[in-house]
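Colleague: Residue-level listing of the chains:
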Amino acid sequence: MIKIPPAVLSRVAKPARYTGHEQNCVVKDSSRVDAAFALAFPDVYEVGMSHLGLKILYHIINRRSDAAAERVYAPWPDMEAEMRAAGIPLHTMESFRPVAEFDVVGFTLQYELSYTNILNMLDLAGIPLKSADRGEQHPLVIAGGPCAFNAEPLADFIDFFVLGESEEAVDDVAAAVADWKRAGKPGGRRGFLARAAAIPGVYVPAFYDAAYNADGTLAAVTANHPAAAPVVTKRIVADLEHAPYPTKPVLPYLEIVHDRIMLELFRGCTRGCRFCQAGVLYRPVRERKPETLLRLAQELVDSTGYSEISLTSLSSADYSCLKDTVGLLIDRFKDQGVSVSLPSLRIDSFSIELAQEVQKVRKSGLTFAPEAGTQRLRDVINKGVTEKDLEEAVGAAFRAGWSGVKLYFMIGLPTETDDDIRGIAALAYRVLDIYREVKGKRGARVSVSVSSFVPKPHTPFQWYGQDAVAELERKQQLLKSLFKDRSISFSWHDAHVSFLEAVFARGDRRLGEVLLAAWRRGAKFDGWSEYFKFTVWQDAFNETGVDPHFYAGRERTADEVLPWDHLSAGVDKSFLEREYRQALAADPTPDCRRGDCRVCGVCQGLGVDIIDWGTSS
Amino acid sequence: MSAKYRLEITKGEEVRYVSHLDYMRSIERAVRRSKLPAAYSEGFNPHMKIAFASALSVGVASEAEYMDIELTHELDPAAMGEALARHLPPGIAVRRLRPVSARHAALMAVVNLAAYRISLPLPAAAAGPAREAVSRFNAAAAVPYIKENPKGKREIDVKTYVSEVSATATADGMELALAVRITPTGSIKPAEVLKVLVDNFALPADPDAALVTRTGLFVADGTSRISPLDI
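Taken in order, these protein sequences are the chains called U and H.
If you read the first sequence in numbering that gives the first Met the number 0, its first letter stands for residue 0, the second for the next number, and so on.
If you read the second sequence in numbering that gives the first Met the number 0, its first letter stands for residue 0, the second for the next number, and so on.
Simulated from the structure, these hints should not be mistaken for laboratory data.
Please note that the accuracy of each hint is not assured.
[What the hints assert, rightly or not] One-sided and incomplete, this derived list gives chain H residues near chain U with beta-carbon spacing under 7 Å: (1) VAL17; (2) ARG28; (3) GLU41; (4) PRO88; (5) LEU210.
Remember, predicted model here, so these are calculated numbers, not experimental data.
A virtual CB, placed ideally from N, CA and C, is assigned to each residue, including glycine.
Please put together the full structure from these sequences, using the hints given.
Modeller: As structure tokens, this is what we get:
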């Protein structure tokens, strides 16, 4: 057991990140179980502790008698420096045992800019970074999460990936590890990987070879092992009603990013925004019943004492029984000082009505995401929202007493022109006008936040070439020049960050060396602006001779082999291609959940159904 | 009829590095888990009616903290203590609890003395010089110290708040005991006293390695010290 000296803890910021003992954490003697998992989140404690997926895995593994799951997060750089100076290896928060002593180290891949933290954590744990360099004594290093759907940039470092929802897959993996250990580890690591490859949804990159064409594009990724399937398809939970849900989550002392009860209403989203990767990866929509949600909420209130229940999902306003559920929850918990919140709202007046119901405090703003400034571009991205929708929603919000509105947009979307950029400014000014029409006076505050579009694998826009950094910056400046009213505040994201995201989102195996070079040069916490240094990455690209523009800016042809073609989210490539063509024609595709199936392939291919309780009741 | 209770609670080793705000929030959550009928303030953003005597710095543990909590109706103190005990996180325990009248003065207003123990790891050779440093501090008539906070710097006399520090040898070093006066115009933190001992009196210790524990909070007059629970 590792003991962190008081002198170390008194020198670092927020030492409670590292001291454990949180309520509801599960401390097993992990040396006495067959499969000990260290669940690793490659970011700081407050971010990692807010993640629902890891809470689910923690719960499922720990309810097994033959397995244990413990947590580990990336130490903040001040703590990392102390750990390196004092020779303290990366360790878990439950038993304070070195991560290197576990059977499995599992990383969750939520965003591309956390990849260097994975290397840093492996290094801090004393585990060889590359799979090929690991021996029989080292843990199996595995990964899952949305970024696993293009696993290739991490192929050198991760022993195997699990694609899709892990509720059932993690039990399969834990059982396989336990069986293999009890059998005396037949075949060693490679023997285990062969067993793992037989589990649906598991991708073992070492069992595949990548070949390239003369122009640098991918020729093929081919299986080189009999256990490796030509295409690995995601796992999915057909029945969310009966899926295990963590109703006794670890309760932090420190205030974390989402410091409240997270109640997942449903999974999936079928609106079909063409830029949205989550909309493809989590298809189809599967809802929980209101009575199930009420039961889960009660268990969560009892076990945590949190004062807020946040209704989460990709688009909570789309939950078919939302109004009833919100009413039930408010009634049940109002006397216990527990409030209900809706983090994501669609733009319509129904949402305002609900927001009014749940939100007692009027001073906080409402957030809307029109994403694009003109109707033409919103049709291109299939946002399914009109200017009239926005006007009605904002008007309703102002009438209900709100005066602040946040608007989220993206720039760099396919077919975008400067008129679309000007449309963003026009929409923001329109919101100011609506306030004046409703209230008869000035006084609205509008904050416009603009991110840069990143083409993501498994989306209709996966072939699209991202705008160059200079072009994105020109568009940011153009927009900035249009905001002259002090009631409008404007913020935008660093274009270099979006560029790097695009490189790794659509990257192949050759990026492994770039990642290693950047990490050696000190890259870590790249998602944090205070640590992101683009020059480090430029040097890494130069050193390895890899051209980042080949990945980010190049428009890909429909017949090009994509680095993720052997990894399937269940949605057919032909559907994505059709959607891309329709996008270029500004031709919208309606939501499939109430009939009118456009055959994306998910329900048919994976044998699942849309579950929408609003249609059956 | 609402009812007010005063509790003596601990902040043990497990939660030593938890900040005061996080410590308070943990207790509020425990109250909610225990289903005690906590009273909430009115208004848009209701908060639990709960008040603490004095904040502790991050890294400082305590054997006796005090908090007042208001419930919507009276409860048997023993049952209340048991309900809470089942839901408090490791390191936070209820030591004593009793009803107080609504007219009782606020804890913040009455507590005027805090006692601390500072455990210092020291090499054996440093024991003599350390004792001498403490003696020199005790003998000094005045000890000027520049107190810095976000609002600026101001010079104070440490002796206004701490007249004497006592030192006891332990297995791996030394234990300092001190009582710090809390006045309406201010006070001093034990870590600041330690810094003064190291910087001005050559105490041969690493302040980062010190473990500070509050051993008590008191309502004191010239002759006696009373716990806020015994007023």
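Colleague: Confirm or reject each hint.
Modeller: Right, here's what the structure says about each hint:
1. VAL17: Since chain U brings a Cβ to about 4 Å from H/VAL17, closer than 7 Å, the hint holds.
2. ARG28: 3 Å, holds
3. GLU41: At about 11 Å, which exceeds the 7 Å cut-off, the nearest Cβ of chain U leaves the hint on H/GLU41 violated.
4. PRO88: 5 Å, holds
5. LEU210: Where the cut-off is 7 Å and the nearest Cβ of chain U is about 6 Å from H/LEU210, the hint holds.
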